[in-house]
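From first to last, the protein sequence lines are chains A and B. Each residue of the first sequence is one higher than the last, beginning at 1 in our numbering. Each residue of the second sequence is one higher than the last, beginning at 1 in our numbering.
Treat the hints loosely; a few may be bogus.
Stated by the list, open to error - A few chain A residues facing chain B, derived, Cβ under 7 Å:
(1) Gln41
(2) Gly42
(3) Leu43
(4) Leu45
(5) Tyr48
(6) Leu90
(7) Ser97
(8) Ser99
(9) Tyr100
(10) Glu102
(11) Phe105
(12) Pro107
(13) Gly108
Bear in mind the hints are in silico, worked out from the structure with no lab data behind them. Keep in mind it's a predicted model, so treat the numbers as computed, not measured. Note that the Cβ used here is the ideal one computed from N, Cα and C, for glycine as well.
One letter stands for each residue in the lines below.
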Amino acid sequence: DGGITQSPKYLFRKEGQNVTLSCEQNLNHDAMYWYRQDPGQGLRLIYYSQIVNDFQKGDIAEGYSVSREKKESFPLTVTSAQKNPTAFYLCASSIDSNSYNEQFFGPGTRLTVL
Amino acid sequence: RKEVEQDPGPFNVPEGATVAFNCTYSNSASQSFFWYRQDCRKEPKLLMSVYSSGNEDGRFTAQLNRASQYISLLIRDSKLSDSATYLCVVPHQAGTALIFGKGTTLSVSS
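Input sequences plus hints: build the corresponding full structure.
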């Protein structure tokens, strides 16, 4: 089945630790995105990548880092510099970054920093 | 005007009711719009795309008013299973990403 997978579904970390969230897609999509969602809030764009080996900051990139070494993978690292990391993290992909294209989402990772 | 703004609701309606949500956007150059549905603690899923004046899919109708810069979503004959949060989505100014509204929550009761 084609789709986007994120792992793990739930993640607990101690304050001050870096953590990496996985996102893999087998849809052969060029563009991939990371969003953060807080309770009662909309999705906010953290980083996006239009093509392999390239990525851009979104609206709330501070405290996060990404890499795009392979087309199918776009991992997100939440660093200790992120002040409020507890949130629901969603990865998405689209055929390309043209705004006409639908984005497909993975099931998300709920990160709780204790 | 905010990039995208929605009435958060909640909208509480009985089964069979017709309900409409509005969404306003600021980027007058936007050409494509989307409505996504998000169930509690799940990922958003595309409900409808809107590229011209509107789109209809069964009980769901999306309309676009470019002059007033708003999009609406009409749900007819509401079902219990329609209970969810509906996200209005517009292109980012740079045209390479999407901006998601905070969502409108619908609760359909029997």
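Any of the earlier hints contradicted here, and which numbers?
none
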